Structures are given as structure tokens and as C-alpha cells.
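Undergrad: Listed here are the chains, written in short residue letters.
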Amino acid sequence: TDASKPVEITADHATFDQKNMVSVFTGNVVITQGTLVVHSEKGTASQDKEGYQTIQLFGSPVTFSQLNDDGEKTEGQGNNFQYTTKTNLAVLSGRARVKKGDNLVIGDKLTYNTQSQIFTANSTDANGVTTTKSGRVTVILQPNQKAQDGNKQSGINLQ
Amino acid sequence: MIRLRLKYQSSRLFNLLTVIILALLCILLNYLTRIDFHRIELPKDKPEFSSTGIEANLYTKDGKLLYRALAESGLQYPDNSKVFLYNLNMLAFSESTSLLQERLTSNDGWIDTENSLGYLGESVALTVNNIDPKYIINAHTRHVHLDAKKQFIYSSESILATRGKSVMTGNGFSVDYLKKIMTIESNVKIVYVK
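Order-wise, the sequence lines are chains A and B. In case it helps, this note's numbering puts the first sequence at residues 21 to 179. In case it helps, this note's numbering puts the second sequence at residues 755 to 948.
For the record, the hints were derived by calculation from the structure and aren't laboratory data. This list has only true hints and no planted wrong ones.
DSSO-like cross-link-like pairs, simulated, lysine-lysine; straight-line CA separation at most 27 Å:
hint, chain 1, residue 1, chain 2, residue 2
1, B, Lys919, A, Lys106
2, A, Lys120, A, Lys25
3, B, Lys948, A, Lys93
Treat the numbers as computed from the prediction; the structure is a model and nothing was measured.
Using the sequences provided together with the hints, build the complete structure.
TA: Laid out in C-alpha cells, this is it:
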């Protein structure tokens with residue numbers, strides 16, 4: 021799986037603050053881990069005193085794509101992305117959208133818990149401001165092409 | 755006929771000239787006595803001092819070894835505050851554990867005794883030790899400028915650093931030891947292996 025692969029980061033410029041345990045990457049930042057590829061303009065990686073790590077990416081937008089184990093491609097974009105090992109939450113916000121296979125979710129803030137694998141979508145961001153046209157969450161689920169054999173279950177658990 | 759009357763026009767002018775000449779002579783004499791005639795003879799492109807097997811140690815107040823600088827050879831040119839050193843090996847020890855913490859080596863370099871600046875030329879290698887071998891850092895670069903007062907080093911050359919299986923490369927870097935901040939100027943690439 022991708023998680024066991026090395027993480028490769030390339031950027032135009034980087035600063036490592038050992039005292040505050042913060043690394044900042046700027047300029048055409050590309051993060052690769054196995055099939056996961058993330059593009060952004062700026063990225064920061066920090067570690068708190070208890071050892072929890074937080075990654076933040078900023079772009080216009082931040083984009084990512086990844087091949088799932090079932091061969092389907094997941095891709096998405098948003099103005100900001102944050103992942104922290106403290107809560108295992110990956111948050112995509114700011115005109116966020118995620119496409120998995122043919123299924124699509126659009127919202128202001130899309131959250132994915134890497135442990136519980138629960139995916140949530142909100143129509144307003146943390147400040148209560150909506151950036152989507154409809155001001156609501158949009159989810160498009162395509163009928164499952166292989167419904168006959170019934171063993172392929174894909175969909176999103178709505179909260 | 756006009757006789758040159760200026761000749762003995764005034765003793766005051768004569769006295770003034772005498773005072774000026776004497777003053778100049780005094781300044782010249784003062785300057786002359788400070789010249790080290792031995793140095794005047796030394797050619798500028800030949801070292802005035804040289805030495806082999808150089809070792810310098812710096813200890814803490816309670817006698818613990820903190821820094822050790824070794825060099826295979828060194829030399830200094832006349833009227834030059836730079837000491838040129840060859841096959842350098844600089845070691846920094848942990849004040850708490852006395853273990854070797856950092857090792858910096860270089861083929862050549864110089865230290866300016868007047869302004870605490872330094873330079874490391876070719877094959878600069880830095881090793882930052884760690885009890886866990888997985889976290890030992892090795893860095894390789896060249897043409898490194900050092901400012902001992904500001905505790906700041908920088909180079910415009912490429913750098914390759916490894917820590918365990920993780921690798922970092924880039925072009926141009928600086929390290930601010932006081933703020934503990936390292937900056938890589940361009941072409942940053944990091945491969946991080948857990």
C-alpha cells in the first residue's frame with residue numbers, strides 16, 4: 021500500500037526550524053507517496069511536544085490523486101489541506117471536491133478520518149462562510165456498473 | 755635692477771619652514787622605527803609561518819573537552835590574519851555526556867583570526883551523531899563560509915544530507931546555529947523513509 025512507501029517532497033525552497041519543530045516548503049511543492057501525488061504552492065510540517073505531526077498545504081488549489089487498492093482513482097482539490105496524526109483527520113477545505121471513480125462530492129469542508137474511514141462533507145467552512153454556488157453539499161453517486169455480482173460495494177457513508 | 759629681496763626677507767618664514775621640515779622628519783622617524791625590517795624582506799606569496807600536526811582543544815570550566823580542532827598542516831602569510839589549514843577535522847563534544855556530537859571535516863580551509871570568519875573549501879563533510887544510529891545525520895557539500903561570531907554558515911553549492919535511509923538534496927543552504935534554522939535555497943528534494 022502507499023502508506024508503506026517512502027514520502028518524497030520536492031519544492032523550490034525549504035526552511036527547517038529545529039527549535040520549533042516546523043518545516044516550511046514553498047514554491048511548486050509536490051508530495052509523492054506510492055500512487056499518492058499532491059501538488060500545492062506551500063506546505064508546512066510540524067510536530068508538537070507530544071510528537072503528533074501536522075501537515076498543512078496551501079494552494080490555489082491544492083490537488084491530489086491516488087490509485088486505490090481496487091484500482092479506482094481518487095482525486096480531489098481544495099484551497100487548503102490539513103492532516104494531523106493526533107485526530108487522524110484529513111481535512112480538505114475551500115471549494116473542496118473529491119472524485120472517487122465516478123462518484124463526486126462537493127462542499128466547503130470535506131473531512132476523512134483515516135482510522136474510522138468515515139467521510140463527512142460540510143457546506144460551510146469553519147467561519148460559517150460558504151464558497152460553493154449552492155451553499156450546500158453536492159454528492160453525485162453513479163449507479164454501480166457491476167450491481168449484478170453484488171460484491172463491489174462503493175459509495176460514501178453520508179453523515 | 756631688481757634684487758631678489760625675498761632671499762633674506764624674513765627670518766619668520768625661515769623658522770616656519772624649519773619647523774615643518776623637522777616635524778616631517780619626526781613623523782618619518784617614528785614611522786621608520788615601527789617597520790619590522792625583517793618583514794619587509796619577506797615575499798608576500800611565501801608563508802611567514804607554517805606548522806604540521808596542529809591540534810587545538812577548548813575545555814569547559816570544569817575541564818571537560820568541548821571542541822577539538824585538528825589539521826594536518828597550516829600556514830600564514832606575512833601581514834595576513836588568515837590561517838590556512840589543510841585536512842581539517844573539527845570535533846564538538848556534548849557538554850552533558852562528553853560524547854562526540856558533531857564532526858566537521860574538509861580538505862582545506864582558512865580561519866581569519868581578526869574577524870572570526872572562516873571558510874571550508876573542498877569535500878566538506880558534517881556528521882551529527884545520535885545514540886540511535888538510525889538518526890545519525892551525514893551531510894556533504896563544499897565551499898562553506900563560516901561566521902563564528904554570528905554562529906552562521908552558508909554555501910551556494912549543492913548539499914546532500916542523509917539520515918538513516920532518508921535523503922535530502924538541494925542547492926545553496928544556510929544554517930543559523932543560534933536560531934537552529936536551516937534553509938535550502940532551491941531545488942529541494944526530500945525522500946523520507948520511516
